[in-house]
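S.K.: Here's the letter readout for the chains.
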Amino acid sequence: MSDTLDMCIASRLTELDRVRLAVETFLQGQGVAGRPIYHILLALDELITNIISYGYRDADEHLIRLTLTRRPDLVDILLIDDAMPFNPLDAPEPDTTAALEDRRIGGLGIHFVRKIMDFAAYERRGGNNILRLAKKTT
Amino acid sequence: MELVEKMTGTVTILEISGRLDSNTSKELEDRVMGVVGRGARYLLMDFGGVDYINSSGLRVLLMAFQQLKKNGGRLHLCAIKDYMREVFDISGYTEIFPLFPEQPEALAAFPEMP
Chain A
6 MSDTLDMCIA SRLTELDRVR LAVETFLQGQ GVAGRPIYHI LLALDELITN
56 IISYGYRDAD EHLIRLTLTR RPDLVDILLI DDAMPFNPLD APEPDTTAAL
106 EDRRIGGLGI HFVRKIMDFA AYERRGGNNI LRLAKKTT
Chain B
400 MELVEKMTGT VTILEISGRL DSNTSKELED RVMGVVGRGA RYLLMDFGGV
450 DYINSSGLRV LLMAFQQLKK NGGRLHLCAI KDYMREVFDI SGYTEIFPLF
500 PEQPEALAAF PEMP
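Just so you know, the protein sequences line up as chains A and B, in that order. Whatever position you read off the first sequence (first residue = 1), add 5 for this note's numbering. Whatever position you read off the second sequence (first residue = 1), add 399 for this note's numbering.
Calculated from the structure, these hints are not laboratory results. Treat the hints with caution; some may be incorrect.
Said to hold, decoys possible - Under the rule of at most 35 Å between Cα atoms (straight-line distance), these lysine-lysine pairs were calculated in the DSBU-like manner:
| # | chain 1 | residue 1 | chain 2 | residue 2 |
| --- | --- | --- | --- | --- |
| 1 | A | LYS141 | B | LYS469 |
| 2 | A | LYS120 | B | LYS480 |
| 3 | B | LYS405 | B | LYS480 |
| 4 | B | LYS469 | B | LYS425 |
As the list claims (entries may be wrong) - Over 10 Å on every C-beta distance to chain A, these chain B residues come out as not near it, computed from the model:
| # | residue |
| --- | --- |
| 5 | VAL410 |
| 6 | GLY436 |
| 7 | ALA478 |
The C-beta atom is built at its ideal place from N, Cα and C for all residues, glycine as well.
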């Protein structure tokens, strides 16, 4: 079993099922299960949904590149897209302490990514958003 | 996602199984709105069969809570798998939604239950 998964994702929400299946199969083959696999699937679900839903100004099909690499105690994740510049690590925090009745519905997905990943770094280079994440598996 | 609806006394129980994601959350939302629209005040969501939830699923819980609250109702949750608990914590939901291990504890905690 290869220790890298590299895939190109078209900018359509219907791609999410294919991404989930590929990532799940890859990680299970690498012995990743339980909490880490859920956190990785959740982060990718939230990030890719966000890119496809809000990232593009035109109706053209774009490609998102996803690479997962199995390291001894972690999984490295690289996500590259040519959507509008967006640094998910800078997005405003939702107010998770406001009374629930008053709470704004939204902003949670990106908040999850910051909280459940063990490492996250963003850069904008050559017209691309480049997001590097890592999740410990031990 | 599969939904099974039951009634116990004045409490409507929704047993949810499968994935609660962007494809399925609308179905849960419609069901919850239906239950609230029929005048239900007490709702218990059983997560025993749920193996995945994302932010769109969590938004439905927030919406359900807000709707029930208008009628003076309550929302209880039970049987959330351990690996998903953290996401409920991060959302700030565990401070406001009562979470219970299983249905009996969740049911007993509603007011007016025998």
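S.K.: Decide, hint by hint, whether the structure agrees.
M.R.: Verification of the supplied hints:
no.: 1; hint: A:LYS141 / B:LYS469; verdict: violated, 42 Å
no.: 2; hint: A:LYS120 / B:LYS480; verdict: holds, 19 Å
no.: 3; hint: B:LYS405 / B:LYS480; verdict: holds, 21 Å
no.: 4; hint: B:LYS469 / B:LYS425; verdict: holds, 21 Å
no.: 5; hint: VAL410; verdict: holds, 20 Å
no.: 6; hint: GLY436; verdict: holds, 19 Å
no.: 7; hint: ALA478; verdict: holds, 16 Å
Of the hints listed earlier, the one the structure fails to meet is number 1.
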